[in-house]
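Visitor: Using the sequences plus the hints, can you model the full thing?
Number of protein chains: 2
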Amino acid sequence: MRVLILGGDGYLGWPTAMSLAAQGHEVHVVDNYMRRNIAQKTQSEALIPLPNLQDRANIFHSLSNKKIGVTIGDIANYRILSKIFVAFQPEVVIHYAEQPSAPYSMMGFDEASETLNNNLNATMNCIWAVMEHAPDCHIVKLGTMGEYGTPNIDIEEGWLEIEHKGRKGKFLYPRAAGSLYHTTKVLDTDLLWFYVRTYGLRVTDLMQGPVYGLETDESEQDARLLPNFHYDDIFGTAVNRFLVQAVAGVPLTVYGKGGQVRGYLNLRDTLQCVELAMNSPAAKGELRILNQFTETFSINKLADTIQRVGNGMGLEVQIKSIPNPRKEAEDHYYNPSHSGLMELGLEPHYMTDDVVATMLEQVISYKDNIDVSKIMPRVGWK
Amino acid sequence: MRVLILGGDGYLGWPTAMSLAAQGHEVHVVDNYMRRNIAQKTQSEALIPLPNLQDRANIFHSLSNKKIGVTIGDIANYRILSKIFVAFQPEVVIHYAEQPSAPYSMMGFDEASETLNNNLNATMNCIWAVMEHAPDCHIVKLGTMGEYGTPNIDIEEGWLEIEHKGRKGKFLYPRAAGSLYHTTKVLDTDLLWFYVRTYGLRVTDLMQGPVYGLETDESEQDARLLPNFHYDDIFGTAVNRFLVQAVAGVPLTVYGKGGQVRGYLNLRDTLQCVELAMNSPAAKGELRILNQFTETFSINKLADTIQRVGNGMGLEVQIKSIPNPRKEAEDHYYNPSHSGLMELGLEPHYMTDDVVATMLEQVISYKDNIDVSKIMPRVGWK
Chain S
7 MRVLILGGDG YLGWPTAMSL AAQGHEVHVV DNYMRRNIAQ KTQSEALIPL PNLQDRANIF
67 HSLSNKKIGV TIGDIANYRI LSKIFVAFQP EVVIHYAEQP SAPYSMMGFD EASETLNNNL
127 NATMNCIWAV MEHAPDCHIV KLGTMGEYGT PNIDIEEGWL EIEHKGRKGK FLYPRAAGSL
187 YHTTKVLDTD LLWFYVRTYG LRVTDLMQGP VYGLETDESE QDARLLPNFH YDDIFGTAVN
247 RFLVQAVAGV PLTVYGKGGQ VRGYLNLRDT LQCVELAMNS PAAKGELRIL NQFTETFSIN
307 KLADTIQRVG NGMGLEVQIK SIPNPRKEAE DHYYNPSHSG LMELGLEPHY MTDDVVATML
367 EQVISYKDNI DVSKIMPRVG WK
Chain F
7 MRVLILGGDG YLGWPTAMSL AAQGHEVHVV DNYMRRNIAQ KTQSEALIPL PNLQDRANIF
67 HSLSNKKIGV TIGDIANYRI LSKIFVAFQP EVVIHYAEQP SAPYSMMGFD EASETLNNNL
127 NATMNCIWAV MEHAPDCHIV KLGTMGEYGT PNIDIEEGWL EIEHKGRKGK FLYPRAAGSL
187 YHTTKVLDTD LLWFYVRTYG LRVTDLMQGP VYGLETDESE QDARLLPNFH YDDIFGTAVN
247 RFLVQAVAGV PLTVYGKGGQ VRGYLNLRDT LQCVELAMNS PAAKGELRIL NQFTETFSIN
307 KLADTIQRVG NGMGLEVQIK SIPNPRKEAE DHYYNPSHSG LMELGLEPHY MTDDVVATML
367 EQVISYKDNI DVSKIMPRVG WK
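As they're listed, the protein sequences go chains S and F. Residue numbers for the first sequence follow this note's numbering, so the first one is 7 and each next one is one higher. Residue numbers for the second sequence follow this note's numbering, so the first one is 7 and each next one is one higher.
Quick caveat, the hints were computed from the structure, so don't treat them as lab data. Mixed in with the good hints, there may be bad ones.
Copies of one chain are not kept apart here, so a pair can be met inside one copy or by any two copies together.
Claimed, not checked - Straight-line alpha carbon distances no greater than 30 Å define the calculated DSS-like cross-link-like pairs of lysine-lysine that follow:
#, residue 1, residue 2
1, 174, 307
2, 333, 72
3, 171, 89
4, 171, 333
5, 176, 263
6, 174, 263
7, 263, 373
8, 263, 290
9, 176, 72
10, 174, 373
11, 72, 171
12, 89, 263
13, 72, 174
14, 388, 176
15, 73, 373
16, 171, 263
Guide: Dropping the structure here:
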């Protein structure tokens, strides 16, 4: 299949590109290096320095003899995306091209406005490029479980049947996200749903939880092919922060009470999910929404796991609660369903102690690169 | 009160400015003439040529001795809005500054992208200008009843209590609008709700139905102070289209079956509603949503009313169904609540035969300006 990947330099975009190219798909990636630029600007460089996207594609080609086409350009500029669509004629477009940092989106007006405009225009342009140049193309869009927030009722997969005063209707599940970044993904979903129901597009919107892990079949071949690993307060997830803190000998910083529950998944499972979605596309006029995670646990449980495994490896891991820089429920009901991708064939890789040990070992091998000053929160929601 | 009106040249912005200035409020208006420019570009000029905004403010001043401050500028540019906030320090900001045409937003990529970017950035900038320069300022935002679409359940005022699998939660009422323009207002509401719950802003989001009428206490003094009256397919409402068709002697064009029901209100009631909202502001951290209309009727009912009144005045009014250029339900359940503004004290002016006759007389006095080629739909949703 001809697969266009928007945001191909990212933590998920790059492994997806390699994985699909390795399987024989024709892959083209686009990226504007927004994450790299923000990382530089905010002193949030990744743990492992990585070659640029074209160099990575060249290294991958020399190892696998598989070609990945590269465009460095900004798809929030419609002309750039249009030209790529006309030339490449994608059968599926995988849309990761969003400013992905919640704290960055909360720094101030400029960062908030940049996030809103980048993310909404990327999605809008993707929709229109499909409508104008490849109307049968399947859009696989990465949303986030964070769109739902932490409601007091069970989270269904994207849609909710509502009975109200004796009448029934089916609606987009109501969303209330915890950061501007997450809110832009709510807006993306609203926008996609409008164009899907009006013009009969095919869209899969994947509500993904936090992803962890570095290893994929392709990245194992050469460290220069690893996905980026951020542990800073801007791009780092709680998993990465805890792994680095465990290795650096500083306490794992739990935000507030630590009862925040989320649905997590392994990077290998993201690759599976995207491929499963791609191989059984949404129907014309269907906005298919799938909740993409394999297991839920609290921040306290995550910290305990990393402490236990770290201590077993001879690290001395402490846990410390710090004031929560975010505005979020620290103790809440959370029961999201996630059967759709399992039904499509997802075979989960859970966060076992072995998986945690492997991640800790990877971080240990880059221990000298750790800069603990990057870890503590610099952005508050106040 | 110091009242800043965004979109002060518009059909609603201008009468609001005069009405509040007449009552002694300190009023400043901003407009970028987007509607005037689009009207020129699309051959959709209003029935009654009107002076520009500064000239209208001067005419109003000479008649009333009340001053309305004017800035011609684009609030989608944050620096422009920021400067106005710093200088004027508004206590309430009334935000009408959106590209308001559904058909225009459906013409093609450029118009859709312009609508999305103008409307979202206007709202985003308004939010941030309040947060940075006037944190206690009450935002009165004009949404639309069109945000809800035509669901199969009763439409509540903005919020819905949902019981699901034995648990309860309160959510933004799920929305599904019928054009990109209406969808941008859904996104506005999502954005406002995020910032309200995170930073404790005060916001009233008025879900307004189609407004009709030209007369207000202030416009009666001088025809140059009339609000703009569009009957074209881009900016004209069904009410205006039917009035002009009745006067021009061409059939009233009902789109499809004509069972489309909407909630309407008189221009005088918009002025009341905005003032009522302003005088009892939302609390800090409250997104108050009010459904702003006074009565519901179908397009067929509207056509029948205008035909009956027109024929009574000696016009020969025909009604003709034409293929619906839009994608919308033509026969649907519709039961929206609208008690909030009544409880605040709204005293409705309904669309009586007298009101219709007055509007027909006004159109008759500008009969020579009618260009029937502007009326038929030029933009389809296909």
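Visitor: All hints are to be evaluated individually against the structure, with a verdict given for each.
Guide: Do the hints match the structure? See the list:
{"no.": "1", "hint": "174 to 307", "verdict": "between (39 Å within a copy, 27 Å between copies)"}
{"no.": "2", "hint": "333 to 72", "verdict": "neither (45 Å within a copy, 45 Å between copies)"}
{"no.": "3", "hint": "171 to 89", "verdict": "neither (51 Å within a copy, 48 Å between copies)"}
{"no.": "4", "hint": "171 to 333", "verdict": "between (34 Å within a copy, 27 Å between copies)"}
{"no.": "5", "hint": "176 to 263", "verdict": "between (36 Å within a copy, 24 Å between copies)"}
{"no.": "6", "hint": "174 to 263", "verdict": "between (39 Å within a copy, 24 Å between copies)"}
{"no.": "7", "hint": "263 to 373", "verdict": "within (29 Å within a copy, 70 Å between copies)"}
{"no.": "8", "hint": "263 to 290", "verdict": "between (45 Å within a copy, 26 Å between copies)"}
{"no.": "9", "hint": "176 to 72", "verdict": "neither (45 Å within a copy, 51 Å between copies)"}
{"no.": "10", "hint": "174 to 373", "verdict": "neither (57 Å within a copy, 48 Å between copies)"}
{"no.": "11", "hint": "72 to 171", "verdict": "neither (58 Å within a copy, 50 Å between copies)"}
{"no.": "12", "hint": "89 to 263", "verdict": "neither (50 Å within a copy, 42 Å between copies)"}
{"no.": "13", "hint": "72 to 174", "verdict": "neither (52 Å within a copy, 52 Å between copies)"}
{"no.": "14", "hint": "388 to 176", "verdict": "between (36 Å within a copy, 24 Å between copies)"}
{"no.": "15", "hint": "73 to 373", "verdict": "neither (33 Å within a copy, 67 Å between copies)"}
{"no.": "16", "hint": "171 to 263", "verdict": "between (39 Å within a copy, 28 Å between copies)"}
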